[in-house]
Each structure stands twice: as C-alpha cells, then as structure tokens.
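Colleague: Protein chains in written order, with the numbering used here: chain A, 13 to 393; chain B, 13 to 393; chain C, 13 to 393; chain D, 13 to 393.
Take the hints with a grain of salt, since some may be wrong.
As the list makes no split between identical chains, a pair holds if one copy fits it or if it spans any two.
Claimed, not checked - Straight-line C-alpha distance at most 25 Å; calculated PhoX-like pairs for lysine-lysine:
{"no.": "1", "residue 1": "Lys239", "residue 2": "Lys15"}
{"no.": "2", "residue 1": "Lys201", "residue 2": "Lys62"}
{"no.": "3", "residue 1": "Lys133", "residue 2": "Lys85"}
{"no.": "4", "residue 1": "Lys62", "residue 2": "Lys15"}
{"no.": "5", "residue 1": "Lys85", "residue 2": "Lys275"}
{"no.": "6", "residue 1": "Lys239", "residue 2": "Lys350"}
Derived from the structure by calculation, the hints contain no laboratory data.
4 protein chains.
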Amino acid sequence: MEKLRFGMVGGGNGAFIGNVHRRGATMDNLARLVAGCFTRNMEKNRETAKAWDVDDLSRVYADFREMADAESKRPDGIDFVSIVTPTDTHYEIAKCFLEHGINVVCDKPICLTLAEGEQLKQLAQQKGLEFGVTYTYASYAAIRQAREMIDAGEIGEIINIIAEYPQDWLIVSTVAQKSDQSVWRLDPKRAGSTACCSDIGTHLEALISRMTGLHLEQVLARFTHYKGSPLDHDIQVLLQYEGNIPGMLWASQIATGTDCGVKIRVYGDKGSIEWRHTQPMELIYAPLNRPVRTITANREYNAPACLELCRLPAGHPEGFYEAFGNIYHSYCAHLIAKRDGTSAGTLRHPTIDDGLAGLRFVDACFRSNEQGNIWVPVDEK
Amino acid sequence: MEKLRFGMVGGGNGAFIGNVHRRGATMDNLARLVAGCFTRNMEKNRETAKAWDVDDLSRVYADFREMADAESKRPDGIDFVSIVTPTDTHYEIAKCFLEHGINVVCDKPICLTLAEGEQLKQLAQQKGLEFGVTYTYASYAAIRQAREMIDAGEIGEIINIIAEYPQDWLIVSTVAQKSDQSVWRLDPKRAGSTACCSDIGTHLEALISRMTGLHLEQVLARFTHYKGSPLDHDIQVLLQYEGNIPGMLWASQIATGTDCGVKIRVYGDKGSIEWRHTQPMELIYAPLNRPVRTITANREYNAPACLELCRLPAGHPEGFYEAFGNIYHSYCAHLIAKRDGTSAGTLRHPTIDDGLAGLRFVDACFRSNEQGNIWVPVDEK
Amino acid sequence: MEKLRFGMVGGGNGAFIGNVHRRGATMDNLARLVAGCFTRNMEKNRETAKAWDVDDLSRVYADFREMADAESKRPDGIDFVSIVTPTDTHYEIAKCFLEHGINVVCDKPICLTLAEGEQLKQLAQQKGLEFGVTYTYASYAAIRQAREMIDAGEIGEIINIIAEYPQDWLIVSTVAQKSDQSVWRLDPKRAGSTACCSDIGTHLEALISRMTGLHLEQVLARFTHYKGSPLDHDIQVLLQYEGNIPGMLWASQIATGTDCGVKIRVYGDKGSIEWRHTQPMELIYAPLNRPVRTITANREYNAPACLELCRLPAGHPEGFYEAFGNIYHSYCAHLIAKRDGTSAGTLRHPTIDDGLAGLRFVDACFRSNEQGNIWVPVDEK
Amino acid sequence: MEKLRFGMVGGGNGAFIGNVHRRGATMDNLARLVAGCFTRNMEKNRETAKAWDVDDLSRVYADFREMADAESKRPDGIDFVSIVTPTDTHYEIAKCFLEHGINVVCDKPICLTLAEGEQLKQLAQQKGLEFGVTYTYASYAAIRQAREMIDAGEIGEIINIIAEYPQDWLIVSTVAQKSDQSVWRLDPKRAGSTACCSDIGTHLEALISRMTGLHLEQVLARFTHYKGSPLDHDIQVLLQYEGNIPGMLWASQIATGTDCGVKIRVYGDKGSIEWRHTQPMELIYAPLNRPVRTITANREYNAPACLELCRLPAGHPEGFYEAFGNIYHSYCAHLIAKRDGTSAGTLRHPTIDDGLAGLRFVDACFRSNEQGNIWVPVDEK
C-alpha cells in the first residue's frame, strides 16, 4: 500500500504537541512526513525537519501560504496537512490549505468563532476534502469500546452523564509566576473568548458526544475567573441532552494536585460505564445488580471496532501517543479508502462537525455565564 | 465513670438504622440502652428490647409520649433519646422529649420544614438541652483529620469544592418493582417535598460544612424526577460559598451500579484533599507540585482530634458503625462533661444547627429548581 | 430466643483485642457478657466489668480457675469462655475451662506446642464441647463468598496459591525503641519458638485453608531474624498442597510502610480470585479471558452463605469488628443449635482443627528453616 | 546532530516486538532505520522495509550474514543492529555483527547458554563495541526514579525485596489449543532449558538489579511444569542478595486472569518503594511512619535522571513503547557520545553484563530446581 504524504504547520517550538501529532500520524505506517512549516525561524525549521526525517529540505517552508501553494502544485504534493499552531491562527491556515485542495487535520478548537468554523466546513464540503480534528481523549480505544457497548444496549437507556477534567497548571503557573509557552492560552486575543472552556471543556463535550452519540441541546454554565483574570479557569456546567437527559460537566485548570484527570460516567437504566484517563485502557462497566467489571481495551472479548485501535498484547500499556495514533489511523484510512476506492471499515475519527459542536458548546456556555447562569440552547446562534 | 442511660424511639421494624444507632451509642462504653418504644407492636417491641439487653421490660413503651412522660419522672430516667423513625414523625417526637426535659439525638433530616426545625432549636435552647443530629459521613475520623489540616492551612485558601453521592437503589427498586421499607422515602407526605435532596443531598451539604467550616450562601439546583415521579431522584447543584468560593454537588439515587459512593474534593491554592466513602479511613492529600499522599486515619502522624476517633491499630478497617460511634462518642462526652463539670476536649458532633443548615439547603434547592434553576440565597426564608 | 451467657479471660489491660472479642461476641445479639477475669488487678477488673455491662460484680473473678469453678456450679453459669490472654497462658486456661465443662473460644495460636494442642482437642472431644478459634481474616464475609465460588467450580481446578501478610510494627518499634504491650510477642518464653510465623503466618495458612478447602502437605521455609533477634520477623515459604498444587506465602513484620496488608490470590484453570484486607468486602474475580469482576460482599448476587455474614446495605463499609462478629455468630449459632436441637445452617467458624493445623504449619516451617530450608511434611510430628 | 543509522534482524513476521523496537529506536530522533533482514521471505521483507520507511531497498537483505558483510563495507553503513529474532538465533546473529564491527542491541535473553553469552561479551570488548539488551520493565522512567531515591538513602538500608510477574497466556493457549507465534517459547530447542524462567523470570531479576543495584548471590527455586510440559511455566524463587538481604520472586505464565502484572516492592529500614506495571509512571513510596506518597514519573519534583526519560507533561500516560524508547535513547546517546567525543550524562541502559546476569540467574534457578530446591550460588558455573 502506498503511504500518504503529509506536511505540518507548527510544531517547531519545542511544543510537545507537534511531536505528538507527528508520532500519531506515522504510528501505523499509513503516512509519511514530507513537508513542513514548523516555525518562522528557518534554522529551527530545518532542524525540526531533519530530526523528523523530512528528506527533501526544499519542502521546508518559511510561510504556510508558500507551502500550500508549492505543495498543491507538485505531483507528489502532500495529501494532508496537520495544523498544530495556537488557536487564533487555525482559521487562516486551514482556509488556505483547503483552498489549495489539501485535506486538513487541525488541533482543537478548530478556530475562534462559530462563523469561521462554518466557513471552514462549507469550504471543505465544496472542495470535497476531509477535515479531521484531534480530540484526543475521545479517541482512546476504550472509548470506542464504550460506544459499541452503549449502542448494543448494554447499559439500557441513558439517564445521566457526569464528566470532569481537573488539571492544575494555572495554579502552578500562578504560584511559580511562570511564563511558558502555555501563556497564550490566557490571552483573549489568541485563545478566544474563553480559556478553560475552549481548552479542556470542549474535550469533555466531544468525549460525551463520541461515547454516547447523544446531541447536546442546552447548557447552564458558571465560569470562575481565578484572581480576576479576564478568562475563565474553571467551568461548572449543567447539560441537557436530547430526550431530556441531564448531565453535569466540570473542567478546571485550578484543581490543585490534579494532572489530566479526565473522567466520564454514563448511567443507563441497565448499567453504567466509567472511563478515567489515569487508566486509559480500562472501562468500568457496572451492570445493574451484577458485579462491576473491568473491561480492558485489548482483550479478545472486546468489540472488533475497539480491537482495531489496539497495538499491543493485553497488559502492555498504551498511552497518549496512541490515542493520537487512533485519530490519524482513521483519518488516513479514510483518505486511502477514498484514493483507492476501498473502505475504511468501522474506523471513525472526529471531523469538522465535532469541531463545530465544540464551538457551539463554548459559545453557549459563554452566553449562559454572561447572562447570569441561565439555560441557553446550544444550536441557536 | 457513670454511664449515660438512653432510650430509643423506632428501630424495631428490622430497619437496619436502629441497630446502627444502638451500636454507635454503646460502642465506646459511654451509654447504655435502658428504655425504648421501638415499634407499635408490643410483642415486637419487647423482642427488640430483649435482643438489645434492655433489662427492665417495664421501660418498653407502646407510645413515645408515655415513654417521655414516664422516663422524665424516674430518678434513673434516660439522659437522652435516639429518634430513628421516618422523617415525618421526627418533629412531634423530638418536641415531646424536649418538652419533658430529655436530650435528643435525631436522625437527619431533623424534620420536614424549616419552621419546625427552628421551633425545635428554640425549645432545646430554652430547656438547655443537647440536640445531636446523625450526619454519618461527616463524622468519619478522616473527615476530622481533613478539617484539622484545612484549619492548619495545609491546602491554603479554599478555591473550589466538588462533592458527590451516587447510589442506585431507586433504579434497583424500580426495575425489581420492589416495595420495601425504603418506600416511605418516595412518599411526599412522609419524606417531605424532596426525596434525593433531603435524603442524601443534605449529607453532602453537611460533609462540606464540617470538613471546611465554610458557610453556604447560594445554590442553583436542577432536580431530575425519574419517570415522572413526584419527587426528585437526582440533584445537580451549583454552590456558592462565602467569599465567592464556587462548588458543585451531585447526588443521585438513579446512578446505576453505584452503592454509597460519597466523595468530596476540596481544592485550595496550596493543595487539595479528597475523601471517598469506599475507603473511609483514607484521605488523599495533594500538596501543590509535590507527591500525592495517602493519609490513613489511625496513624501516629494524625491530628490528636482525629486519633481520638480511631479504635483499632492502623491497617484494621473500621467502617460505618464506627462513624455512628463517633457521633455518639462526642454527644455523650458532651452530656457527661455537662453532668460532671468536666470538658469534652476537641470532640465535636453535628448539632441542631447542622440540622437547620440542612433544611435551609433543601429549601433553597427546592425553590431554585421550582423557579427554573436560578440562584437562590440559602439564608433567606 | 434465649441469649447465650459468656465470660472472658483477659482483655482488661487496655489491649485492643479483648474489646474486639467482646464486640464480636455480642454484635448479633446471640450472647451476653456476664462474667470475667479480665486482669489480675481487681480494681481494673471491676472497671472493665462495669464498662462492659457485666451487671453482677460477684461474677468478676481474680483468678481464672476460681471463675471456671464458680461458673460451672451456677445454674446460670456461662455457656462459653473467650480466652484473649497472651499465647503462653492459653493452654492452662483452655484446659481448665474444658475440664469444668465449659465451651471455649480461644485466640490464635491456641497454644505453644502441638502436643498441648492435641491434648486440648482430645479433652474437648471427650467432654463434647465446642472449641472455636478466632482466625479473623479467614472469617470475612467475602472469604466465605470466595469459598462458595471455588466449591461451585467458578475458577476450575486450583493450580496455584499466593498469599502475603506484610506489616511493619517491628520496624516501627525497633526504630522508636518502644516497649509496648506487643513486646511479649518477641519473647520466646511467651510467644513460643516463632514470632512472625505464629503470629501472622498462621493467619495466612488458615486463610488459604478456609478459602480453598485444600490440605497442606509440605513446606519449605526461610526465616529472617531481623538484627539477629532470637525470633523470626519475616517468613518466606514455599507450599505444597494436596494434588501437587504449589503455593507461596510471605509474612513479614518488617515490611516498612505496610499495615495489615493481607492478600490472597487463588488461581484455577478457569479463573482466579483475589482478596485484599485493605478492601475486605470485595473479591476480585477474573474468569479466564473475560472481564475482571469486583464481587462486593453484601450484594444480592452473592451466595446465601455469604449474605448471612453481612449486616449493612451494599456500600456501607463493614470492617475488622464484623469479621470477629462472624466468628462468634457462627460459634454461638452452633451452641444454640445444640442447646435447642436446631440447626446452624451454613454457618462455619474455625475450630480446634484449624488451630491444630496452624500449630502443625508453624512446627513444619520451624523445622524446615532449622534444617536449612528443606521440604518438610506438615503432618509428620 | 547527525542521527545514527541502524538495521534490524527479525521483526517481519507480524510479531509485535519488532515494531516495538523500531518505534523505540526512532522515538527520540536519535536513529533512523536504513537496513534490515526482517524475514526470510523477500517479498515480506521488502513490504516491511517500505512500511518502516527504509528508502534504499538494496539494503533489504535475505540473510543476516550478507547484511553484516554489506553494511560493514559501506561508508554509510549501519551504526548498530537490533536483533529481534527468537532466542536460539541470537548468538549466531550477534556474533556475526560484532565480528563485522557493528554495535548490537539484542532482545533478552541474549542467548541460550552462559558460555555463549560470555563469548559475546568477550567479542564486544575486543572490538570495542556497545552491546545493549532490552530489559523493558527495568527501563521505565519510574524505575530510574526509584533507583535515584534508593541511592540517595530515602528508604535506608534495604532489608527485603518482593517481585512478581504473573501472566496467563499459557493457560489461555492451552485452553484454546492455540498455536500462535509464541509457541516457540515452549520448545526446548528454541527457547533453551527453561520457559517461564528465561522469558519473564529474567525480567524480574533485571528489574531488581537495576532498581536496587544489589548483587544476587544465591537462589532456591521451585519450578512448576503445567500439565507435565517439558518446560517450566511457574517459578517461585527465594533470593539471597549480598549482605544477606532476603528476597522472593514469583513469575508465572499460568496465573489465570492476569496480563503482565509486573510488581516490585523494595523494603528498607526507613521506607519502601513499590512499582506496578499497571501504573507504570507511578511509584508508591512509603516513608516509615509517614503518609504513603505517590511519586509520578514526570513531575518537577523528580530526579533529573528520571525526568530525562519523560516525554509528556504530567498526567499524559506514556507506556510500553516509551520504555523501549528509554533503552534506545540511552544506547544511542552513548554511541553518539562515543562518536562525537561528548558525554551521555546520567543515561544508563542494560548492557551485556545485565544479559549475562540474566543467564546466570536462569542457570542457577534451573540447577536449584533440578537438585530438589536447594540453595545454589549464582556466580558459580
């Protein structure tokens, strides 16, 4: 099978996420990095390219527009581009590559405003291009297992959803008076109108959506701005899903002593399923009145759609890199299927629709909080 | 030391909670059960009395009023009464014993309405009597350890509080179409205007209050009535504590696959403390940027006020009975100190003020939900 | 039902274990403490009696022989005696009460030598008396659940057994140069020829035996004597059960940082079962190639023989006291059944046969270690 | 920095371990795969090469001898070869590459006999070549953190070591009557004189050695051959380390319901450290009489030598691939330092000395078991 060729915009500043994307994209031997505009500093740009085995240094570009232009003209041009820059630049970059007919994978949130997001979607549709979005937590193999179980009725009708994402980097930074690369996330010009809500709240929204398939209808959000900061650092949100299903969501960047404590619990009338990022390969499945079960992601008893996302024998821990690998695995499989006229099977990855759902969620939460913590419909603009 | 003498109203129907009270009250050899009106059926009444070593069967009463009257006239009458009947009867019974000059320990919630609760408080004050309330979870030794640590500044200033209490008995009952002793909790006439909120939501309110010492100012509550039931079975509440400290609370009786999963997390700017009912003798203490620590309740390094509530060497699990024992231990120590002119040291137990705080919490949540999930002040009547 | 009457020898020195026995014996309303020889100091003796509601102080004895004599002559004399003194005194006391026709519950190890143990057994048989032994860990409800599952074939044929009991009190004492009540356990005259092996190794032997029903045939033991002490503080033992089933056992009193970390894992060819003292109400059941299950002790899905040993609704933690309660519950039920000509149902408790098995285990381990860590048959004298 | 060039022998049969080596070697951008003899089937050989981005297909070899010869003659020949074939072929392949002056990384066990191992060591020394061995579990970042803590005296003097590695693939295979790629491990001709001992027992030996730095002096081993198989499937071993430090080791391939449950506990007189493969980034550190701490591998408070082995911010799980990455990271850093005349800092990886220690351990265990479970010195041939 012929591998896909891809390029990357961003990732050259020592930011860890660029490397995570690269490893994710190449993990399962479906794509190869052949071009990039990793940073504006050409020296660092080339260093990154060499470190990442980009052989032809003429495909290292100082500017993303130049890259889109040049790559779109080559017969062996890139099949897709990965965008891993700060959020405020996503829109321009994604638009540019789509306009040049190049498929896009973009870090979340896909852009700053819903209006921009909808333009990107329209553009991708017009051009017939694939637009993937890297919602990591939603892409662990165990989450797919959960979805298969929920679809198969193993917890019955869903009656409640509780999701949380506590981390503490903001407290750590505040106390240490640090000024690291994360600081752009606190600058309203670069991060958009929200910080915690956009940055990690959306991960929970996507996680719920991909795990349950349910549509979010309304939110009631309360934002906390730590020490009077212009942006939110803790969000507590009541959720209303289709069919009057209640839910509750908490995301925080001031939860001292926590790392990346994503956890989701979905309760049905016949059972419940819990997933925790601290043990990402496990589900806790509690059938009503029966012993609680630990479902491990790469065991024979799993759904085939889950097993497709496992790489190692049971008992060998896979982690964060592999979650990224799952997104790219599906994304690439879809591009290859399109190219070769084959099928990508049961593989699914977050697309621009998930990206838009995230923007709508942020927008609704923001409005709910601004208006005094009232119920706000998510689909209303 | 002369033991206290106590009586009990309720507890004779095979309900587990009466026995828990009895064991709690006698656990540390501070009190002895000498009288009771355990149930209206005199045969069962006497059986219970015999099983529980009430030696003088003339002190087994068919009616609580008769009991209050008779005991208040005896020179060796009871020092206090434990009330373990369904909620709707608490007010009459407590009032009667207080009027007869007898101290009271009452299961929570202490009565159905705030107005009744305030009358009871006034009466107890007028009579100079002690009114204890059995908030169990708030009374584990580890919770006292947490409070001592918080008071000592070990987590700095509190910035967030997350509490939850999932259980699933209602789903179990609904599915099984059971009709057990718990059913009164779903009857508005007997349980009051709320079910889940009164029954277990108040446990969380008390747990937060006793663990942190903070005063709750406002709530925004959303109730879920499962399958259109008149009463609530799931409550999701945004909290506002004094000093603008946010919090979030979830209590549910339809959280399939959970038992009694009380969990509280208090975040400060220097650390956080977590307690889970599944491991009741442990605290998880996470100092900022330092390794997370597991604080076990009966280790030498604990606060003296915590160690006073431990009975076994480290590593020997204590449980639910002992949490009740802690309440009665303190309550009895206070009565004895009063009697003997001594001091009860650092011991503290929930009093009628905690009971009233619980009623105010329920009342405010109820109004918030009724009015469309808006912020409601807790102290306003 | 008429309660049993019992007395106690020992328990008056503030030693925690006496109180644990008392609470265990009275927990389920089957017995009442009416007599005792708690300590040699008559003042403390009476204080203990009062604290423990022994009403007739003429039944507080300065000497156990006097007690045995007096009680055996009363028409309302004790039905059984609980012996909770240091090991070296067990034999004389147990013998005395048996000779006076009084049933016995004895702390483990039942005596210092196998010869003594066999005399006690013979005596009990001749007199037709019940001799119970308090192996606590083996008596948790979850262990009975495990046994029922194993008997029902849920793990298939047993192929391996791994058991451990790490604690650290000796390191703590050594470092702190303490001299507390536990010190007699290090004195060969009082504790017998072994320390760790007798004190906690036997708990593991009994735990395996009661959980699996298997007979131990051979041991190969290595003892570690910390800092050249005359007695052992760590034992590592290879086990050989009937049918050539291998096993491994580790008990230590110098395992720094551990409390009472009893853990047992039984592997069969169709599944495995694990129990840990840190979560005493749970079993981890792993059926071959299926999700691991957490079996909680007081859930409806349990075996009736397990449920009989649970007192609280699911989710309410029971602990160490309740494990003692289970032993006495069964012991008393057997005495009552004998008295009343009824049946004790499925209830079982450790008897003198279990006590003898413990002595044989210690003896064989001691010889194996003395002879250079060789295989030694357990049944050979 | 100029990357190293490496080749691989084996890895082309769909065996997962080849891919793990490739990902490990390239993870931190220190080496690039440029040649290989992945399998004897040239078509599959080339397919693997393409999938793994080997650009020059003339460097895909049908035979390892041809590869060693050709690569040693090229000016841009490989700097090292990774050997990932079954154990019985390691010796010939490693010898061949060493003789051609090419550095070697070899899967463990490095060969079948101690004699062969010593020849390889001698050869590597004569040629001045680096010989790395991939003991994975010993190479997690958390293990290095543990070693740094132990070296710094944080648990005091070591007094006991308990290690285990239960897995169940053999039971699974036996029950399912499978015949997969793992079957060579059960063939004495291909796996050597032992199965479980060589395959996973040696992982524990290496783990203890790297975590503590202690030298193993004697073993007493008992092997279990499941269902009369010629090879061992469960080993239970008493250990004697230098300074009379006792230890105990259990490895099993018939521990039904377990995956890859490596766990090690090291007890000192001032504290203990525990590591479990199920949570590979964590250590449990229990200082004497102080709260137990959870040390997470990529937190600021860690030793620099540990942090060097972490790639993601705290809270993002790394796993099995990254443990391999750590081995290759250090191995490559040493080759580069040698090439460039720089230093590899604190980085350490398992070398042929660790490989030899493994062979000695297996040899001694085998003899101990053959001779009836007696103590056998490890260094004696």
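Colleague: Indicate which option fits the pair Lys239, Lys350 if close means a Cα-Cα distance not exceeding 25 Å: within, between, both or neither.
Modeller: neither (51 Å within a copy, 46 Å between copies)
Colleague: With identical chains treated as interchangeable, where does the CA-CA distance between Lys201 and Lys62 reach 25 Å or less: within a copy, between copies, both, or neither?
Modeller: neither (33 Å within a copy, 45 Å between copies)
Colleague: Evaluate Lys62 and Lys15 at a C-alpha cut-off of 25 Å and name the case that applies: within, between, both or neither.
Modeller: Answer is both: 20 Å inside a copy and 9 Å across each meet the 25 Å cutoff.
Colleague: Within a copy, between copies, both or neither: which one fits Lys85 and Lys275 at a CA-CA cutoff of 25 Å?
Modeller: So Lys85 and Lys275 fail the 25 Å test inside a copy (45 Å) and across (56 Å) alike.
Colleague: With 25 Å as the alpha-carbon cut-off, assign the pair Lys239 and Lys15 to within, between, both or neither.
Modeller: neither (50 Å within a copy, 47 Å between copies)
Colleague: Is it within, between, both, or neither for Lys133 and Lys85, if the alpha carbons may be no more than 25 Å apart?
Modeller: Within one copy only: 23 Å inside a chain, 55 Å across chains, cut-off 25 Å.
The earlier numbered hints that this structure contradicts are 1, 2, 5 and 6.
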